[in-house]
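2 protein chains.
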Amino acid sequence: MLRIDYRNVLQDQVGAAGYSEGQLNDIGQSAVAAVSRIEAETGKRAYRRLPSDKRMLADVLAMRDRFAPGCENLVVLGIGGSALGNIALQRALNPPFYNLMAAGARPGPRLFVMDNIDPGTLANLLEVLDGRLDRTVFNVISKSGTTAETASQYLIIRRLLKERLGDGYARRIVAVTDAAHGTMRAISDAEGYATLPVPDGVGGRFSVLSAVGLFSAAMCGIDVEALCGGGREMVERCRDASDWRANPAALLGTLYKTANDRGQRIHVMMPYADALMGLCDWFRQLWAESLGKLHDLDGRLVRAGDTPVVALGATDQHSQLQLYREGPLDKLFTLHEVERYAAELSIPADFPDDPTLATLGGKELGHLLSAEKRATEYALCVSGRPNLTLLWPRVDAEHVGQFILLYELATSVMGLLLNIDAYDQPAVELGKQAAHGLLGRKGKPYEELAAEVGRTLARDPKYLL
Amino acid sequence: MLRIDYRNVLQDQVGAAGYSEGQLNDIGQSAVAAVSRIEAETGKRAYRRLPSDKRMLADVLAMRDRFAPGCENLVVLGIGGSALGNIALQRALNPPFYNLMAAGARPGPRLFVMDNIDPGTLANLLEVLDGRLDRTVFNVISKSGTTAETASQYLIIRRLLKERLGDGYARRIVAVTDAAHGTMRAISDAEGYATLPVPDGVGGRFSVLSAVGLFSAAMCGIDVEALCGGGREMVERCRDASDWRANPAALLGTLYKTANDRGQRIHVMMPYADALMGLCDWFRQLWAESLGKLHDLDGRLVRAGDTPVVALGATDQHSQLQLYREGPLDKLFTLHEVERYAAELSIPADFPDDPTLATLGGKELGHLLSAEKRATEYALCVSGRPNLTLLWPRVDAEHVGQFILLYELATSVMGLLLNIDAYDQPAVELGKQAAHGLLGRKGKPYEELAAEVGRTLARDPKYLL
Chain V
36 MLRIDYRNVL QDQVGAAGYS EGQLNDIGQS AVAAVSRIEA ETGKRAYRRL PSDKRMLADV
96 LAMRDRFAPG CENLVVLGIG GSALGNIALQ RALNPPFYNL MAAGARPGPR LFVMDNIDPG
156 TLANLLEVLD GRLDRTVFNV ISKSGTTAET ASQYLIIRRL LKERLGDGYA RRIVAVTDAA
216 HGTMRAISDA EGYATLPVPD GVGGRFSVLS AVGLFSAAMC GIDVEALCGG GREMVERCRD
276 ASDWRANPAA LLGTLYKTAN DRGQRIHVMM PYADALMGLC DWFRQLWAES LGKLHDLDGR
336 LVRAGDTPVV ALGATDQHSQ LQLYREGPLD KLFTLHEVER YAAELSIPAD FPDDPTLATL
396 GGKELGHLLS AEKRATEYAL CVSGRPNLTL LWPRVDAEHV GQFILLYELA TSVMGLLLNI
456 DAYDQPAVEL GKQAAHGLLG RKGKPYEELA AEVGRTLARD PKYLL
Chain R
36 MLRIDYRNVL QDQVGAAGYS EGQLNDIGQS AVAAVSRIEA ETGKRAYRRL PSDKRMLADV
96 LAMRDRFAPG CENLVVLGIG GSALGNIALQ RALNPPFYNL MAAGARPGPR LFVMDNIDPG
156 TLANLLEVLD GRLDRTVFNV ISKSGTTAET ASQYLIIRRL LKERLGDGYA RRIVAVTDAA
216 HGTMRAISDA EGYATLPVPD GVGGRFSVLS AVGLFSAAMC GIDVEALCGG GREMVERCRD
276 ASDWRANPAA LLGTLYKTAN DRGQRIHVMM PYADALMGLC DWFRQLWAES LGKLHDLDGR
336 LVRAGDTPVV ALGATDQHSQ LQLYREGPLD KLFTLHEVER YAAELSIPAD FPDDPTLATL
396 GGKELGHLLS AEKRATEYAL CVSGRPNLTL LWPRVDAEHV GQFILLYELA TSVMGLLLNI
456 DAYDQPAVEL GKQAAHGLLG RKGKPYEELA AEVGRTLARD PKYLL
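Chains as they are written, first to last, in the working numbering: chain V, 36 to 500; chain R, 36 to 500.
Looking at chain V on its own, in the form it has when it is part of the complex (with noise of 0.2 Å):
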């Protein structure tokens, strides 16, 4: 199981930045109540049944083997949630150059999630693409279909399918959408597409361990069987409320929250594995968008929400370590420290006469990474910055699935603690409409925000150099 060293908050080890016990037990307690509270509710914390759905797996796995066979190129078309986990997954349980290396030697088509819409972007994969479209599978994920990005990406591959394909274009297209309603259900129906569905009453940035996530995963090789159970095994774990010492959510959730209270309002996720570079993104998302609140479920001004920063061990500390010892205490750093890595590879001993590559002679690589994670724990402890660590004996699906629960729980945890909303996004909204009449829609409210945009940023040539 994934593990979790929290030592490093404490006074005894970093001094005044640190917390006392008595803090942690006060928000604690709070915690494991917060836990009674989602485990007596159901509704919006329905992505925890997710790794259960024995059918929705079922599914997953059917439309893989019906598009498995002869695809060379799986093209994902989605935007934050219907992006995050999908890139996440990918990155952890896949090696990092999978789409350079030979398709004999993975175990999927290449994938590429395509969650921008720089046109350089676009234009350079058709030509990537180009001429291959008849075995390349576009995965459209969007619940409603009307997501300004996604659909752009959309309408653009749908015409180019038509014109090179002919009538068959449909088979090449797999809609991730709602069962039952919304655009791109309806045009789903209307030309055939095979869909799958995006669950009830779960929210895009908890929707990874369901068709959102799980079918890209699947057609890659992933085991999403194991990551489902690794899923389930959190669940379990984080029922107990009890002891907020003994419930891994209602832990990191006390964590989280004494940071906060204390100030320290920038969490960073600092993994020592590439692995875990694309789970940390994720993380982000789930982080800033759930708890980032102007007002509490009482309706006051809060401006609630940490912001969540992503450093890479060991790269990082040639970037970022000089600032995270010396500056500000505005941070909770929670550290990754991977037990096995996917490979070994020793290094040579061929220079004994140099004291700096003579230590280095003999190690294994990953030796010499865990070093790094543990110089670095060190040194951000003697420079007082509180710092958490999750053990992951290996990045395999297992782990992965009790990842995403664990902190997709913190998130419903750190929810109540903070008594804000932590499944809505109420400020993304104005800026889609703003950029709706930008481009000229009719109607309410979207002329008035075209004019109101124009006002409001109209260039001032003195603020202008």
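Incorrect hints may have been included.
Which copy is meant is left open, so a pair is good if it fits within one copy or across any two.
Taking lysine-lysine and the DSSO-like style, the derived pairs with C-alpha atoms no more than 27 Å apart in a straight line are [as the list claims (entries may be wrong)]: (1) K477 to K398; (2) K398 to K467; (3) K479 to K467; (4) K479 to K398; (5) K197 to K398; (6) K477 to K467.
Honestly, the hints are just simulated from the structure, not real lab data.
Chain R: place on chain V using the hints.
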């Protein structure tokens, strides 16, 4: 030229979190004084002369002409300042799927920048390169040769090359290292590697426009002369010490220092172009390592430094924008707007009856991305969040060169405004020594440190879940 629109930092635009003309003018006076000092001094500001160094550029181009023929893969071994600039130039100025393009469609070899020591990543690279080592160039970048990460990679690669290629192995290595001293210089001379110099008096994070960043860029077909030309233009533009509003580096220094004074100590870089993400990661090191300092130049404990954060538009509107609009007032946002993207793609108007799809239909994809940028800028203003925009006419070598010098000079200005040494990194050393100790290096301070790390980080079951 790059332009800066900073109207949205004003109180008139964003209310209470905005800046007054008086605040800006006060800090602006100090910023132009800083510019005068930078102009008068040389020494540590030697990076300003790099874009004018014609001999260095000629040496880089000659080395490219020597190694480019027949080269299919270029692997950079470096970390921190010996990798971030290389990645930034490649991402900015070559297509995103460059390594997947057919050899004839690319202007140079595939590029791999190995800036971590994850054994899974290196093992997978070696698998991808298998059988082609005789057509691969390894560009080792290390001033001293004793950086543990780069030295370890180098030792592994050197042994492999010797085993596979025999005595000719040295012809596959180009070392960028100190011209006269250090471990890698001695090895290069003894083994007969081609070398290019790391410039004297220029710190790693300011070295991208030397052989450190330019050799790999030139190998990959990037116009390094235009890069340097852009750099020179910005150096000239930032000489004016008469008016902070007329000097881009003084202007940025003024804005970021005002943010710092106002407690907005998270500096978010949000480009609306995939190509700019690498430059933002490069900025992240420049800003954090230069300005994150415990003491000021008078020895006072200041814990200086703002935390750089990178977000991608439009993608992170679906991940971070909720927090940015509703969370704490602890951020200044620098948006990047691109006037002309690398490609044009039209969104087909194929569903005239759906109001969303009809709005998108007929528009250029780049137009949508620009509209989203303007909409986000507007939404930040409505939420009272100060922001500025860097305006890129297009992302090409000249403007990238301008950007690099602009932010290097702004860092120098910020260093003077904060009264700290922007050119050292004293906090990085302890972790390096501790890691060597953990690897078993004998003598002072390594053995004692290893023992101290063991004591400090001993796991306590009470704090381990």
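Verification of the supplied hints:
Taking CA atoms no more than 27 Å apart as the test, K477 paired with K398 passes between copies only; the shortest distance there is 15 Å, against 66 Å inside one copy. For the homomeric pair K398 and K467, the shortest alpha-carbon distance between copies (16 Å) is at most 27 Å, but the shortest distance inside one copy (53 Å) is not. For a Cα distance limit of 27 Å, the shortest separation of K479 from K467 inside one copy, 13 Å, qualifies, whereas the shortest one across copies, 60 Å, does not. In this assembly of identical chains, the alpha carbons of K479 and K398 lie at most 27 Å apart only when taken from different copies (21 Å versus 66 Å within one copy).
Taking the shortest Cα distances, K197 and K398 sit within 27 Å of each other only across copies (19 Å), while inside one copy they are farther apart (56 Å). Taking the shortest alpha-carbon separations for K477 and K467, only the intra-copy value of 14 Å comes in at or below 27 Å, while the best inter-copy value is 60 Å.
This entry satisfies every hint, going by the numbered hints stated previously.
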